[in-house]
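Novice: Required output: the full structure, derived from the provided sequences and hints.
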Amino acid sequence: MSSYYESNTGTKLRPVVDFGDDRWVTLSTAEYKKTLIRKGEQNIESDYEEEDGYEYHEEDLEDEEEEEEEEEEEEEEEEEEEEEEEEEEEEEVEEEEGTDEEESFHQEFNDGSEGYYRGTKSNNDVSIYPEMIRYHFKEAFSINEGVEAREFGFNEDDAELEELVVEEEGEITTDGHNIDEAEVVPDELTQPWDLESIRENVEVKYTESKGRCLYARKCFNPGDIIFAESPLLVVTPELAPELSEFLEDMNSKETFTLPPLWHVAALCTLTMLEDEDKAICLDKWVPDPAAEPSYDVKKIIENTGIDVDPHLYERTLNAWRFNSFNHTSNNGIVLYNVISMMAHNCGASCCWHYGVDNTFVLRAKTRLEVGDEITISYISDDDLFKCSKTRRELLSNWLFYCRCERCSNPTDLSRGLKCASCGVGSMFFKEDENGVTKSSKCSVCRSQPDREIIDSYTDLESQYIARLEETHKSDVEDVEAVYQEAQKVFTQHWIMYELDTMLFEAYKESQQFSFALSCLYNRLNFVRNVLPDCTYTLAWITEELGDILSILQDERHEGKSKTNQEVSAIQRYYYDTWCYLSILTGPNHHFTIAAKNKYEAITD
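Numbering (this note's numbering), first residue to last: 1 to 604.
Think of the hints as simulated: they come from the structure by calculation, not from any bench.
There could be a bad hint or two in this list.
[Stated by the list, open to error] In the DSBU-like style, the derived pairs of lysine-lysine whose C-alpha atoms are separated by at most 35 Å in a straight line are:
1. Lys473 - Lys488
2. Lys278 - Lys210
3. Lys299 - Lys253
Specialist: As structure tokens, this is what we get:
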């Protein structure tokens, strides 16, 4: 029997899974207190209503049974005589109802009526979306409903959508699931939007503390596409091969302050773009719009002979430095218009992935209300699980001191050390804005470490960070030795997470899956305790858990069937992966489809 989801905040949708019933269920707790989904498509009618507080007693049941028997005896002869005639009539009625139902289905979908989204074959208390994870009621849809239906699998074209892939030339084909670097299945929502459509969903506001930032003009649920934007310019060495080669040669003789490719980007912006796009680039945030040309800028102009204004060159160079994104190629950068207005947050509300032709597809990762700020992470998923001190050091490249909720929290959950008093509990260290390290009380004995203990631990922590940089998964014995000593000092600490990651990769490569599984569980506990947000890291960990458990159980049973408990464990992790990736990349991305296929395979 499926479990059900109740929200204290009103009507919400969540996937509800019954491992014996491969369907997805939508529950409206504002209207219904409890919904039970059983196998089969038949609705079970009952006079019993929990909200009415009516309960059947044994006497009631006996009386009803006697009445039913009497009625059956009286009508038995009549039923036998009319049986054939009734069957013919029922067949005719069923045919008519089927036709009416089909017409009603298409009419409701085209009209966008609520009946379609709640399902036509079931009561209005549930909505069944086959093989899709959705978080929407019709009234919560923020984008064209016809496109939403196509994006989230409400029509008959899903099978074709799942087969679509992107070739290097950008053409769409249906030959398998292999795709290019963009790693997306194209559809209308992941194609570039025009600026007017983007402005319907978001707006730019100026704040005293952070400058220009991006805010939602509509409500969005996790997984919603907020907008998709095409790049102003994608810069790779192939864009200007001769210039790239020349600047690389100059850099080899006298190293530039910034990579040569950023200079290529600035020069291509000034010489290749139309005036309108060039103005957008020059409007990007830079620390000092009136900065004097640097030594590198002057030297490059002198050696290349390119006729550009040195001040514009310097400003454009900084615009690329502080506003560009890494391209999908190993040596490329890309600049966008609206996307660059988003601020950073270590617990970002949104995520993104590439769409067709380098389109930046922005998705909501959390529930967004009108007026909520739209944020992303400037640093990688792996770095998000490090301590606030390390994150702030990385973010200093963008010339700001992060004051997000995570960084401002007096307790840094990724920096736990063993209590010096009881040796069991955890003390969490955190540096304040003045650089002074402070500690929380022990989680077990509640003792507060003094300054001498804190300084001793921070010194030891620095030594382990340095030792970690010298450690590599290829030397398993060395990693294991560091791990054994580190666990005497650290509890819930990002250093232990890094060591568990190294050991997991080493054990997996050597097919020591039992050891790898232990490391995976450690990583999962750390990630869920430190940052339980929907992240790619969490999705990959749960998928790896499903893979490793499946391998171990196949080895244990030697081809025999797994137990229900074992199957349920594997299903749970693949299901979690499916959920995470549906939010992060959408239901039609090949990452999500792969997780879905794994879940269905183990279910079958």
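Novice: With reference to the structure, classify each hint as holding or not holding.
Specialist: Hints versus structure:
1. Proposed proximity of Lys473 and Lys488 is supported: the alpha carbons are some 21 Å apart, at most 35 Å.
2. Our distance criterion of 35 Å between C-alpha atoms is met by Lys278 and Lys210, whose separation comes to about 24 Å.
3. A hinted pair counts as satisfied when its Cα atoms are at most 35 Å apart, and Lys299 with Lys253 qualifies at roughly 13 Å.
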